[in-house]
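Turn these sequences into a full structure, and let the hints guide you.
Protein chains in written order, with this note's numbering: chain A, 1 to 114; chain B, 1 to 113.
Keep in mind that the hints were calculated from the coordinates and are not lab data.
Certain hints may be false.
What the simulated footprint calls covered on chain B by chain A, stretch by stretch (three residues with Cβ under 8 Å from a Cβ of chain A suffice, anywhere in the stretch; the number is not a length) [unchecked claim]:
(1) 34–44
(2) 48–58
(3) 88–95
(4) 104–111
Here the structure is a predicted model, which means the values were calculated and not measured.
Don't be surprised by glycine CBs; every beta carbon is placed ideally from N, CA and C.
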Amino acid sequence: GDSVTQTEGQVALSEEDFLTIHCNYSASGYPALFWYVQYPGEGPQFLFRASRDKEKGSSRGFEATYDKGTTSFHLRKASVQESDSAVYYCALGADNTNTGKLTFGDGTVLTVKP
Amino acid sequence: AQTIHQWPVAEIKAVGSPLSLGCTIKGKSSPNLYWYWQATGGTLQQLFYSITVGQVESVVQLNLSASRPKDDQFILSTEKLLLSHSGFYLCAWSLVGGLNTLYFGAGTRLSVL
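See the structure below:
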């Protein structure tokens with residue numbers, strides 16, 4: 001079945017540090033890939049998506065590039081802020097039959113210290 | 001702009017009691033609607049989806065049911081809560097069609113004691 005692996009369960013950084021959260025996927029066909037961010041007590045917010053190889057998604061200074069060769073969609077940000085502290089989820093959608101089924105990774109807790 | 005409203009914000013219920021959670025979408029006609037569940041500190045799991053009024057498909061069997069009585073409303077319910085039902089329930093919508101982006105509501109926190 002489809003799966004998403006986020007390597008880092010927790011990441012602790014200082015403001016202005018560079019962020020990388022690794023996301024690798026396993027799916028048949030050509031899935032769409034997503035990043036969501038979830039703040040405490042809230043629902044996940046859509047960050048961005050990519051649907052084809054080499055496509056870059058970006059939002060709020062975060063970016064990721066769809067790499068079909070390495071089956072990856074790593075999240076990066078050049079300079080994090082304390083307000084970026086949240087849980088980040090990588091997800092894939094491989095079922096194009098209107099089911100809305102997304103397979104989420106386990107999430108990465110990002111803590112940014114001032 | 002589309003808005004998604006979930007109610008209640010939080011519930012504390014006893015094992016064996018009934019439950020009804022709701023979700024309303026405004027600003028989007030005939031969206032696809034979804035229920036997801038998130039255990040505390042865990043990932044998200046799809047429970048149900050609906051592509052039209054009166055039609056709901058179950059994804060996992062968790063002693064829960066869902067209904068879509070109106071185009072903009074999605075209800076999650078059970079007659080008898082279990083301890084394992086505790087968690088965060090999220091309603092989401094998307095445009096019709098495959099592989100569209102899901103947009104989530106603020107969620108309902110359920111504690112079953």
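Hint check:
Coverage of the stretch 34–44 of chain B by chain A holds. Counting CB-CB distances below 8 Å, 4 residues qualify, and the rule asks for three or more. Check result for the stretch 48–58 of chain B against chain A: holds, 3 residues qualifying (beta carbon to beta carbon below 8 Å, three or more required). Counting residues of the stretch 88–95 of chain B whose beta carbon lies closer than 8 Å to any beta carbon of chain A gives 3, which reaches the threshold of three, so the coverage claim holds. Only residues whose beta carbon comes within less than 8 Å of a beta carbon in chain A count, and the stretch 104–111 of chain B has 5; three or more means the coverage holds.
Hint compliance for this structure: no hint is broken.
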